[in-house]
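Working from the sequences, and respecting the hints, build out all of it.
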Amino acid sequence: MSRTPSLNLFVLAFLLSAAAMSGCSDSAFDSSFVYSPGTLDLMPEAQNGSKDVHGVKALLDERFGDPQHLEAWLKMPIDFGGTMTTVGEITTAESGIPVIKLGVEEGISLPEQAGSIQFVSGACAGETLVVSQWDPKTGEANLAAAPSQSVASGDICFIDRGTVIQSGRMLYMRHCSHCHGTSGDGNGPTARYLTPKPRDYRNGVFKFTSTNDMSKAARDDISRVVKYGIPGTYMPSFLLMKDEEHNAIIEYVRFLTLRGEFERKLVAELSSDYSKVALSSRLKDEKKADILKELNEFLAEDLKESANSLGDELAEIWATSDTEEALIVPSIARIPDSTESRRRGRELYLSKALNCADCHGIDGAGNGPQTIAYEKNPTTGQLYNEAGLHDVWDNQNQPRNLQLGMYRGGRRPIDLFRRIHAGIKGSRMPSFKNTPHEDIWNIVNYVLSIPFETEPGGTGIAPSAAAAAVTVPPAN
Amino acid sequence: MKKFWALFFFFWPTVAMYCCLIAPSRGWWFPSPPMSRTGVQIDGLFYLILIIVTITFVGTQYAIGYVLWKGATKEQDSKAMFSHGSHKLEIIWTIVPSFILVFISLSQLDVLAEIRVISSFPEDAQKPAAKIAEVMARQFEWRIRYAKPGTDLTTEPSPGDLYFVNELHVPTGKPVVINLRTQDVQHAFFSPQLRVKQDAVPGLVIPVWFDVKEVGEYDLVCAELCGWGHYKMKARIVAQSQGGVDNYLKQLEAEQNEDGTKAESAAE
Amino acid sequence: MNQLTFPTTEVVLKDPMKSVSLLAMLGLILFNSGCGRVPDFGGGASVVPEVTFVAAESEATADAPEKSTGAAATGASGAPGTFSGKVVMTGAVTPLPALIGKGAEVKDKEVCAAHEVANEKLVLGPGNAVQNVFIYLNKAPKGGKSLEAPTEPFLFDQKNCQFIPHCAIVPVGQLVKVLSNDPIAHNTHTYPSKNPATNSLVGANDREGKVSFTYKKAEPTPFNISCDFHGWMSARQLAIDHPYAALTDENGAFTISDLPVGKHFFVVWHEGADGGFVERKFQVEIKSGETTEMQIDYPADRFKP
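Chains as they are written, first to last, in this note's numbering: chain F, 48 to 523; chain X, 17 to 284; chain H, 8 to 312.
No lab work stands behind these hints: they were computed from the structure. Check each hint, because a few of them may be wrong.
To be verified - Distance condition first, Cα-Cα at most 30 Å in a straight line; then the derived DSSO-like pairs of lysine-lysine:
hint, chain 1, residue 1, chain 2, residue 2
1, F, Lys289, X, Lys229
2, F, Lys340, F, Lys323
3, H, Lys294, H, Lys93
4, F, Lys312, H, Lys223
5, F, Lys351, H, Lys270
6, F, Lys323, H, Lys270
7, H, Lys201, F, Lys351
Here the structure is a predicted model, which is why all the values come from computation and not from measurement.
This is the structure we're talking about:
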């Protein structure tokens, strides 16, 4: 013990500080968006293009960028953030840098904070200037540095353009990406531990929507899911998030969704002729050089051109899905919940005309005969390895056990009405939009009563003769 | 140099005593003032322990300092006293701490019983009407179930129950009881300001009572490492007047019976 | 290690420099362990991304050439011609057994197994002629006629748990009405690659066609339509935006008329063929005003039951 602890202390201190520093490097690794399997199944020349023509990857990156450098494609129905305003009077500060008065239009509300101004018209178009001082009352912005060209009154500019998508990206990475993945592919680091799998946004399909069966999800639908979570899955509630954070995340989710869907649409243009599989079968009859020439022509003319029209299609359907037009509004108010209504609901539930029991089982336990049948993958025609229903993400998909009283898409009567009316998108639950609304309400009343039945089918009616003919495995 | 060490060991207990004395007034001891009645009692127990620990720590440290000082100022060739194996001392330092520990454990029994033992709950908390909600913890959120307004909460869901997530509304100024449950793993219902902390154990329905003194929003977090998303389990307890809670439940009931035919359904 | 001598604690304390460095070291540990900020997850949660704006119409398309058409069309002119012919399976052909025998134990057997249901994946006519083969041009040829979508709806029926017709070419813009002749519910689930998918319940004996939809875009290949209630039910439809497509009839015959003069490359597609394509580029030369007759061979080994 003649050796004192001082050297040990030094060594320890050194090791500890080295260990502590290693987790703290400034050079954070860059994250990146992944390409969909569809893209990676294309022949490499279609993915990457050549030096003259863009392939799928470049067309996509050009419009959506990567997580560090987002591209905001103005065609997309996304609120990227920012307040559009017109330049008014311009004065010059003592330093010689102009002071710009903004928000001269009537009825415009200026933001409380302003960090930058981006010009979209005038001599400075495209230039972004940093605001050193901002007065939201008068709309006077002092600039940190003079613009390269002179700003003129009447120029149109944005205050803090793109800030919503920026903060959406940051919040998404903190709260969402560990399950949903950086690209929104539902394949984040924790995804492998979860059942059901986190949503892969890239199909452009969200299951629980208030919109009709042919529409996409409205912002409100994504919002509800983020706010209240999805019971029965790992999606938790983010109720305590501030409104602006919440909205930024929704815009970013839309951004990732549109990116994924745009990629799918590009791939759909190419995959029948230029996938790796197509190439190998084509090489039996054709020469590779001919195929490449044809591909290059296709990429240079058709695909480049259709990229914009594909974007238009996407923009249109997502924008209209967010309007009243797409919203499902029952034509009649909910039928008051009564034994009579439930009885009618149960009859419909068991009827051959609606076939609810086929999947959900005669007592609502989610164990109808379809859950033990082997299905074919509708796109490949191959039988799935396991019995039961599958969704568009090729995951096994259980029909809801209605006895649990757990409703993933919400438990309000209108939520159940919409689930039945529009179906559950991406799943095998079809749309019952042509069923009279009165019948749907009766089914809603029956379904809401299932968890409280004293015995299965306890509303007092035996399964009808037709329903009895369906072979149903006994519950449990 | 020896005197330096002796003074060194006098210095630290003095600092410690100073810190302990000013800690309560500086708010170093608790995250916030106690916002519930049991919170006041629990804080009292903490103060009691703080006092005992301060006296013990400072006393023993001064004793060490005193011994060092004596040693430092002694003649170089004086003999040391050999006290090892003294039965008297052994008995003293066994008996004294055990008395302190027994004192601490006895003095907190009443408070513990009031918090944990159903038959010792305040009378008001034992009435069925005091049971305001079921709090179902799950990975990683708090699912709240209120009884249909005008009815008592049932242990298992009943038709007409109202559901919400991550926000619990409680009336102030009277004991309320929640049924704490978990759907999956262990969680713990913890509100630092209300000084409520109770594990949720799979398979058990645990009644937890507390009363909130003032209207306001309080944190509700999970205090049991429950999985990778443990940190996400943050919710809020909204304390309101009874009238405010009733209004809230009425509004919740209206929302939950939404049939989408009204105009505002679009906004919701 | 023992042969080395180390400074004693006393030395450390006597030497102010060493004490300072010790404290500095400890301070460093505390400082570093906190790092003062959240470690970046892939540069994600704390690094502000750059945002650049891309105009809605990228200039790449502003001067895009007029929509180019057809690979064919060598500029030759003349009266349009006709391409007709027959698809014949060559090699050893084994007809498929019936999909569902009469009275077989299947779901809804009183309806679905009322008659024998043939397997329509391969329907052979006389001389091994193959029915339900799609023959079409990928793109409208230059100088070709434009499509006139029929105003009357295309009726897509089902009877005894079979879609009727099994295969169809549906012009873009034509209304598809789904009917049912069965006293049970069906659902029509489409799997197009460019158009939005439909998954809708078709009520029992629906003769009105309450479920209806329209294809807005041409599809590259015929896509699958299925009924989730009756997994064996399937149909194929090709949405197309020009009139140059045909489906072989029960004799395996087809006719495509009004083709501009020149070389054309037809896609020959059959659901049973491995990968779907019988021929990806079946070359046909159309001469002014003439009918070109060809037989398309469908090698039996290309068929995957």
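Structure-based check of each hint:
1. F:Lys289 / X:Lys229: Within the cut-off at roughly 27 Å; holds.
2. F:Lys340 / F:Lys323: Holds, at about 16 Å.
3. H:Lys294 / H:Lys93: holds, 19 Å
4. F:Lys312 / H:Lys223: It holds: about 14 Å lies between the C-alpha atoms, which stays within 30 Å.
5. F:Lys351 / H:Lys270: holds, 26 Å
6. F:Lys323 / H:Lys270: Status holds; Cα separation ~27 Å.
7. H:Lys201 / F:Lys351: holds, 17 Å
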